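> Take a look at the letters that make up each chain.
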Amino acid sequence: MGAIGRILVQRLILGVLTLFAVSIVIFVAVNMLPGDFAEAILGQGATPEAVEAIRRDLGLDRPMVQRYLSWLAGVLHGDFGTSFAQANFRSFTGSETGSGLGSVAEQIKPRFQNTIFLAGTTAAIAVPVSLTLGVLAALYRNTVFDRITNVATLTSISSPEFFLAYILILFLAVLNPVFPSLSNIHEGLSFTERLRLTMLPALTLTLVVTAHMMRMTRAAIINLLASPYIEMARLKGLSPMRVIIVHALPNALAPIINVIALNLAYLITGVVVVEVVFVYPGIGQLFVDSVKIRDIPVVQACCLVFAAAYILLNLTADILSILSNPRLRHPK
Amino acid sequence: MTNFTRRGLMQTSAALGLLAATGMPALAAPKRGGRFVAGLSGANTSDSWDGRTHSDLFMIASAQGAVFDSLTEVAADGSLKGELAESWEASADARVWTFNLRKGVKFHNGKDFGADDVIESLKMHVAEGAKSAAKPIVSNIEEMKKVTDHQVQFTLKGGNADFPYLMSDYHILIYPAGQIEEAIAKGIGTGLYRVVSFDPGVRFVGKRVDDHYKGDQAGFFDEIEYIAINDATARTNALLTGQVHAINRIDFKTEALLKANPMVEIQEVTGNQHYTFPMLTNVEPFNDVNVRKALKHAVNRQEMVDKVLLGHGRVSYDNPIGPANQFFDEDLPPIEYDPDKSKYYLKQAGLSSLSVDLSASDAAFTGAVDAALLYQSSAKACGIDINVVQEPADGYWSNVWLKKPWCACYWSGRATEDWMFSTAYEDGVPWNDTHWHNDRFQELLKMGRVELDQNRRREIYVEMQRIISAEGGTIIPMYANYVQAKSVKIGTPEKIGNLWQMDNARMAERWWMA
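Going down the list, the sequences are from chains U and G.
One point on numbering: in this note's numbering, the residue at position 142 of the first sequence is 153, and numbering is uninterrupted.
One point on numbering: in this note's numbering, the residue at position 236 of the second sequence is 328, and numbering is uninterrupted.
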């Protein structure tokens, strides 16, 4: 297992470097957008004095490099800073308001939990469904079942997310009120109630991610079905189902795991549209809101969370594919 | 209704029409109870209980509409009534105002309300470094004196007959003295509902205060919940699936579908919100009043109301004073679309044709670019070539408005004539987006401000509206209606406020479970 340990350490170090690069790119990009926090928050009321006052309070009048370095120093100490919006209110009253919403970390935490809950619910539905469909499609390939599965999943992945969302709302909320169209998630909800409120966005996302995972499963298995050892298994007289599940699937796991990891990362980072349609208070909406008002500390923190999700999920996928493959597990 | 005005008639006849259509008894008495859920736009993750920062419906409805009170309140019919102030009187020159405060009022944390709270809450707006939108109002107060525990005397720098009206501004909320920071953090006011939970940009839940000074006359719900839904389609869905009882700002495109639903009622009022095209009147060619007049006759106002607002509005003849204002001039001479007149004024300006840039972006108002293009095509017949420059929405208010010679803009209007004029049309104020100057207008503005006689004030403000309509630098083609929808399960008074969306954002106070 030494090899895996080495890969783990190596990839984690690379991951940290990636995060560092991402933070620079985001910082520069947000700064290149026209307008800044002061102008965005004041809107029509942006008189030069008011803009100056806010810039001075938030330190936006300092050069960009200096601002980045002070942000970086904070992050290295585990302090993601205070969102500009909150800092701005603080400067209104002249002191800590003690609202408990002070730091970016506290602001992001509940939103991130909601996002993870949505991603988790979706994954719990989508992964088993797409694996099953993939295996069945491989088993009955080129039959009517295969065609229907392919057409259905490809149609759903090709439609825009909001369109799928509205279709689901029409059938499951308006015509047959099974689930609410509004994901009014807040603290103090029981798990089942929360699950019920999350169901429609989760189903929408399931439709979006299923095709990719299902088709990869199908392709990876079909690819193996031509190999000699599968032929051997067939000649032994094993049932087609057993051939696929016991003999083909374990060898097809590596690409499937990779696709699942990619889709999970997508579920954490790319679901803004679905969040807006269902008014789901996830991290995506917070991110978009923050970009809109150029709230750099929040934007940076969200980006780090997104990048870290990609890095960690990819790392997990690689480790799992190594573990699933004895040849990689015991290199000569 | 003894006080029968044209304005009042217009609003109520619309409401009566609605009621007649539903076959409901016109006057159902309000009753206590129930939980009111509304889906509202205009929420941000940067929201807080600091009234100085409020600018959009979600926080206005949550703060002034539920948790906090102001000194005065604009009633649904546009008249002024006391909220935390019981009565007020002015000196003859409208410079010294004495407010008698309500007795026996308590904040949600049990603190008694008194004169100190008023003085300290007002001082917030002029504190060192404060960026309050109400600063211009409060900085006109020279001295605030506590006469007794329940009487405050304000001495103004210059007389202002509208001062009690200004105290109804949604930025000027009354916080408990000495605990303002805590009150902002937790939302501690004197309003009808206390904060149960508040998640900025997501949700607000309030619970009716048991023993409130407004008694049984207002605040009929046991509990209210405002959910932030910035997306218009999601708001509509929430209403149609019965998850909320009311929504603001419906999408005009789906209005017909909402109307067809028997469980939903649409409310529509024309208020002071107006869409504008201000030009800098100290920049060529707009410095010539004849060019301005040529442009005024080159726009087809009715077409804009029909196509940009899809009929949900009313034609304006370049008048920033709207139907919700006290002294709105209903008989303002119309400015018709007339290519011949437009050409005539161009000739007066010594020009045979005119070519101008018009900067627009949908940041100014929804449909601003379309409105500019309509203007372009109607002006072509007048020999005026309007080049529509589409500006980025980002930074529009900083880089285009007040900077480009002619652009698109909007105003939500103000409760009083003086307030509107002195915000955007007085000589030298920062938001005078036309850099307009007219001696007679300035003179009238100063006269009207200190005049306490209502009839005299009407004459003054009518004359001002006529001057600005005929010669001003702002093209104001239309007033945009406030259109909102509610479930039939919610009862509302006959008259809905038109100063601001959702019954002046006070639906938690005025509506009930039918």
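Everything labelled a hint here was simulated from the structure, so no lab data went into it.
Being a predicted model, the structure only gives us computed values, none of them experimental.
Treat the hints with care, since some could be wrong.
As the list claims (entries may be wrong) - According to the in silico footprint, chain U covers these stretches of chain G (three or more CB under 8 Å from chain U):
#1 129–142
#2 204–215
#3 230–236
#4 313–325
#5 333–340
We put the beta carbon where it would ideally sit given N, CA and C, even for glycine.
> Each hint: holds or not?
Okay, the hints, checked on the actual structure:
Closer than 8 Å: that is the beta-carbon criterion, and the segment 129–142 of chain G has 6 residues meeting it against chain U, so the requirement of 3 holds. Interface restraint, the segment 204–215 of chain G with chain U: violated (0 residues with C-beta to C-beta distance below 8 Å; minimum three). Chain U is given as covering the segment 230–236 of chain G, and this is violated because 0 residues of the stretch bring a CB closer than 8 Å to a CB of that chain, at least three being needed. Under a criterion of three residues with beta carbons nearer than 8 Å to beta carbons of chain U, the stated coverage of the segment 313–325 of chain G is upheld, 6 such residues being counted.
As drawn, the segment 333–340 of chain G meets chain U at 4 residues by the rule of a beta-carbon pair under 8 Å; at three or more, the given contact holds.
In summary, the structure is inconsistent with hints 2 and 3 from the numbered list given earlier, while agreeing with the others.
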